[in-house]
Amino acid sequence: MRYLLRRLGFFVLTLWAALTLNFFIPRMMPGSPLQALRDRTHNKLSPAALNSLLSQFGFDPHQNIAVQYVQYLKNMATGHWGISIGGSLGVPVRKLIGQALPWTLGLVGVTTVMAFLLGTVIGIVAGWKRGGLLDGIVPPVFVVTSALPYFWVALLMILLFATGTHALLPNDGNYTNGLTAGFSGHFIFDVLKHAILPGATILITAIGGWILTMRNNMITTLAEDYVKMGRAKGLPSWRIMTDYAARNAILPNLTGFAMQLGYVLGGSILVEYTFSYPGLGYLFYTSTTNHDLPLMQALFLVYTLAVLVCVLLADMLTAGLDPRTRDA
Amino acid sequence: MSTAAITSDAGPLDPTAGHHGALGRLTQAILRNRKATAGTVILLIVVFVAVFPGLIARDDPQAAIYDQSVGPSAQHLLGTTQLGQDVFAQLIWGTRLTLIVTVVVSAIATVISMIIGVTAAYVGGLTDRALSLLTDIFLILPTLPLLIVLASYLPPGSVTMIVVLTLTSWAFQARQLRSQGLSLRARDFLAAARVRGERTSYIILVEIIPTMTSLIVASFLGLSVFVVGFAAGLQFLGLGNSTELTWGTMLYYAQQGGALEAGNAWWALAPGAAVAFMGAGFALVNYAFDEIGNPALRPVRKRRARTTA
Amino acid sequence: MPAPLLEVENLSVSYLTDAAEIGAVDRVTLTLNAGEFLGVVGESGCGKSTLVFAIAQLLSPPAEITSGRVVFRGQDLVQLSDSELRHVRWRDYSVVMQSAMNALNPMKSIGAQFKDTMRAHDRVSPDAIRTRSAEVLRLVGIDAAHLDSYPHQLSGGMRQRAMIAMALLFTPQLVIMDEPTSALDVVAQRSLMTQIKELQQQFGFAVIFVTHDMSVIAHYSDRVMVMYAGQVAEIGDTRSIFEQPLHPYSKGLLDAFPSVRGPRRPLTGIPGSPPDLGRPPSGCRFHPRCSEAMAECTTTEPALYTVGDTRVRCLLYAEQLRDAV
Chain A
1 MRYLLRRLGF FVLTLWAALT LNFFIPRMMP GSPLQALRDR THNKLSPAAL NSLLSQFGFD
61 PHQNIAVQYV QYLKNMATGH WGISIGGSLG VPVRKLIGQA LPWTLGLVGV TTVMAFLLGT
121 VIGIVAGWKR GGLLDGIVPP VFVVTSALPY FWVALLMILL FATGTHALLP NDGNYTNGLT
181 AGFSGHFIFD VLKHAILPGA TILITAIGGW ILTMRNNMIT TLAEDYVKMG RAKGLPSWRI
241 MTDYAARNAI LPNLTGFAMQ LGYVLGGSIL VEYTFSYPGL GYLFYTSTTN HDLPLMQALF
301 LVYTLAVLVC VLLADMLTAG LDPRTRDA
Chain B
329 MSTAAITSDA GPLDPTAGHH GALGRLTQAI LRNRKATAGT VILLIVVFVA VFPGLIARDD
389 PQAAIYDQSV GPSAQHLLGT TQLGQDVFAQ LIWGTRLTLI VTVVVSAIAT VISMIIGVTA
449 AYVGGLTDRA LSLLTDIFLI LPTLPLLIVL ASYLPPGSVT MIVVLTLTSW AFQARQLRSQ
509 GLSLRARDFL AAARVRGERT SYIILVEIIP TMTSLIVASF LGLSVFVVGF AAGLQFLGLG
569 NSTELTWGTM LYYAQQGGAL EAGNAWWALA PGAAVAFMGA GFALVNYAFD EIGNPALRPV
629 RKRRARTTA
Chain C
638 MPAPLLEVEN LSVSYLTDAA EIGAVDRVTL TLNAGEFLGV VGESGCGKST LVFAIAQLLS
698 PPAEITSGRV VFRGQDLVQL SDSELRHVRW RDYSVVMQSA MNALNPMKSI GAQFKDTMRA
758 HDRVSPDAIR TRSAEVLRLV GIDAAHLDSY PHQLSGGMRQ RAMIAMALLF TPQLVIMDEP
818 TSALDVVAQR SLMTQIKELQ QQFGFAVIFV THDMSVIAHY SDRVMVMYAG QVAEIGDTRS
878 IFEQPLHPYS KGLLDAFPSV RGPRRPLTGI PGSPPDLGRP PSGCRFHPRC SEAMAECTTT
938 EPALYTVGDT RVRCLLYAEQ LRDAV
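Chains as they are written, first to last, in the working numbering: chain A, 1 to 328; chain B, 329 to 637; chain C, 638 to 962.
Next comes chain A alone, as it looks inside the complex:
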């Protein structure tokens, strides 16, 4: 229990660090992004509206920085994320994020979980059967695939399946324009069609890392005495593989897995960009090209939160599975 509390404390601390970074970086930059902001929105927002927006982010030059900082923290924590000043000028940031979130959750969330589960299972089996065919093929193949950049695989997918007159699958968007959204079979099918390529991209690139770490952990665990004991006791193979080997091998990985999630999230930004898939990643990208500060900051917060939540979940799982941490 104490362990979890400590982790929670760390979680909050990291969040605070991310927010603080977000606050101070624009201020430390050469030139004045704020001035650029004013210039950009000159014709679109009234100065009063702009000022109230800026003060939400603590950019109020009339107050001292400590007050601005506190105000900023309060706003971020309570979901007052301001309005977009980029492409969708004036639209509340929360709304934009809310629209994009389900798409990313669906695409990235599902494929990441799949990659993790599949990767773990393949890794377990590959590590278990040393010297087998699987063990010979797996490391070199996945060492290479895990080094492949996300966007390149995305481009390859597009090239192979989505260009030319015989395109099998669509290469951008999340559903065909003009279709009415809803739970009709036709719509859902269309959504899936659009999700296959980006999903496959993420799956292919993410799975390699997990397979390899799981396999290596499995191999190290298999050398342990208690696995030998399992054999000595005449336990059936599958039980040794799961109960004795895998169960112990997974543990050091769990938190590592969660942290690798940050990397996968980053990759998903690239994938969404390449496929023009309107999820959070695409939003993030457009917010940077538009210098849409409020949106960018809010998204960074969302991403950090996502990783932290996963790490916390992984920690809870570790504590739940490993009797040694419970007593620590």
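Hint data in this document are derived by calculation from the structure and do not stem from the laboratory.
Values in this document were obtained by computation on a predicted structure and should not be read as measured data.
Incorrect hints may appear among the rest.
[Said to hold, decoys possible] Residues from chain B that face chain A, not an exhaustive set, calculated with beta carbons under 7 Å:
#: 1; residue: Ile373
#: 2; residue: Phe376
#: 3; residue: Val377
#: 4; residue: Leu411
#: 5; residue: Gly412
#: 6; residue: Ile465
#: 7; residue: Pro470
#: 8; residue: Val477
#: 9; residue: Tyr481
#: 10; residue: Pro484
#: 11; residue: Val603
#: 12; residue: Gly607
#: 13; residue: Ala608
#: 14; residue: Leu612
#: 15; residue: Tyr615
Note that beta-carbon positions come from the ideal geometry of N, C-alpha and C, so glycine has one too.
Please arrange chains B and C on chain A, whose structure you already have, making use of the hints.
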């Protein structure tokens, strides 16, 4: 009275043992491991191309004088860009900057993580906890989003890229380095140094770090795999310096120029493949390093038929 | 005379690595009768653990049995398939390892580990499992409440005893013990040894006890086998070996242990260190360190010669009646 010498000296159980020296042994280890060989060859190719691009590609990569968006042909191995530049030339000449950025970032990041990791391990106490906390925070912050945020605030250019990439990647290996530092801390040779009265900084720099060379090299290699990808990713999104020629910026222009749909697909695929190639090179060498260091991970020999007496 | 419980014939084990083949155990032959306590002693690296794991069919790559037979209750274990072996494992022979902290699954409670063993061999009701588990724990002096404990929650000595209890779940005929007392302090060692001997006398199982410390088994074993460089150096009655060691190596080992009683004498060790098994010495493997080496020791490999009830691999006894190996 037999004080006879022991029959065999503790040499490597290697029938080809006869090569002496660290370089010889290293070459041996590399040649024996297929992954290491492949990876090393890849990296050597990349370095060669980076150093002598003129030997391989005659064309000026920036000269926009050819037919536009043409596919691969004998004259243009990888076709041309939307502006009429030779893609192959761009790929070859772009190698240098790509490699430089990667190596510089990895080197600096490794040095930083080494200093932080080992200091945390050796000094211990509050310093350790503070440094570890710092490391953990940086580890958790999602890299690409952070990269994007930082890069979009700073003026574009290679220096920005290097700074930004270093900031986000130093934390990756700091934990491992700290662990090894911790295990070394208790060793006798360090106690000897302390007794001699050496300063902490001396001990860290002169005693501990050289002992950790293999982990440091592994860190450098592992980091490079990521840096290559992240750098290219940043540039692909247009956040690098678009005026400099690297594989990443090639990808950016290819995407902007609609290479896939309307033009020369190789314009987009080639630099990406090159990034993957270099990344794979680092990854293979790194993985093989793991295997060389930890024999348990090596491929297992086939079992032979049992014989009965 | 009833047939021996275990007959090991010409057992050889090698480590097959990329670089070379290293012979860890070289043509070992031994016989064990029911209820016998055999101590296996030798320096680190002499192959004693490899030998017993080979007997128990528990080797892992790159170690492999390259030749020989292990006939246990009439069956050659080496020839059995994995599924056939599984029937025999734990029921007829079990294993106790050196460190219970490493040998017990840290994720499972003691009771759970007992349970999966029993379940693996039979359909047993949960009640019967619980009863039997409590029973074996009581045998080693542990309260049944600890069935729900995890290994890290027990003390070192308790863990070790729990391991022994587990080994007795099916009251097997043979228990192989690989240095089970090495991780304990001297007092705990003694207490554990006494317990083991009592259990042995109560249930009549045979024991193969591996140790690098001869004094541990001095009072408990019926016979002792001294190993050197993967070979049997000497094997015979405990008494004979301790009182009149024949092989120069055995003599060296015993000389290294001071006696609490008796006159003081200077301690002697055995000069040098064990050979590299990748390239063992020619002739007798011990000759480089032997104070009684003769000329032919460098060229002729000694066989196991019989001297009274003892068999010894040393050319000093070659004129005696040979017992071919």
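Hint check:
1. Hint status for Ile373(B) relative to chain A: violated, with the closest Cβ pair at about 16 Å, above 7 Å.
2. Taking 7 Å as the C-beta cut-off, the interface hint given for Phe376(B) is violated, the closest approach to chain A being about 20 Å.
3. Against a cut-off of 7 Å between C-beta atoms, the interface hint on Val377(B) is violated, since the closest Cβ of chain A lies about 18 Å away.
4. A cut of 7 Å between beta carbons decides the hint on Leu411(B): the least distance to chain A is about 20 Å, and the hint is violated.
5. Nearest Cβ of chain A to the Cβ of Gly412(B): about 22 Å, over the 7 Å cut. The hint is violated.
6. For Ile465(B), the interface hint holds, since its Cβ comes within 7 Å of a Cβ in chain A; the closest pair sits about 5 Å apart.
7. Hint status for Pro470(B) relative to chain A: holds, with the closest Cβ pair at about 4 Å, below 7 Å.
8. Annotation: interface hint on Val477(B) holds; nearest CB of chain A at approximately 5 Å, less than 7 Å.
9. Against a cut-off of 7 Å between C-beta atoms, the interface hint on Tyr481(B) holds, since the closest Cβ of chain A lies about 5 Å away.
10. This hint is violated: Pro484(B) has a C-beta 12 Å from the nearest C-beta of chain A, more than the 7 Å allowed.
11. Given the 7 Å rule on beta carbons, the hint for Val603(B) holds: about 5 Å separates it from the nearest Cβ of chain A.
12. Taking 7 Å as the C-beta contact cut-off toward chain A, the hint placing Gly607(B) at the interface holds, the least distance being around 4 Å.
13. Checking Ala608(B) against chain A: minimum C-beta separation of about 5 Å stays under 7 Å; hint holds.
14. With its C-beta approaching chain A no nearer than about 6 Å, Leu612(B) sits inside the 7 Å limit, and its interface hint holds.
15. The interface hint given for Tyr615(B) holds, since its Cβ lies 5 Å from the closest Cβ of chain A, which is under the 7 Å cut-off.
Hints 1, 2, 3, 4, 5 and 10 from the earlier list are contradicted by this structure; the remaining hints agree with it.
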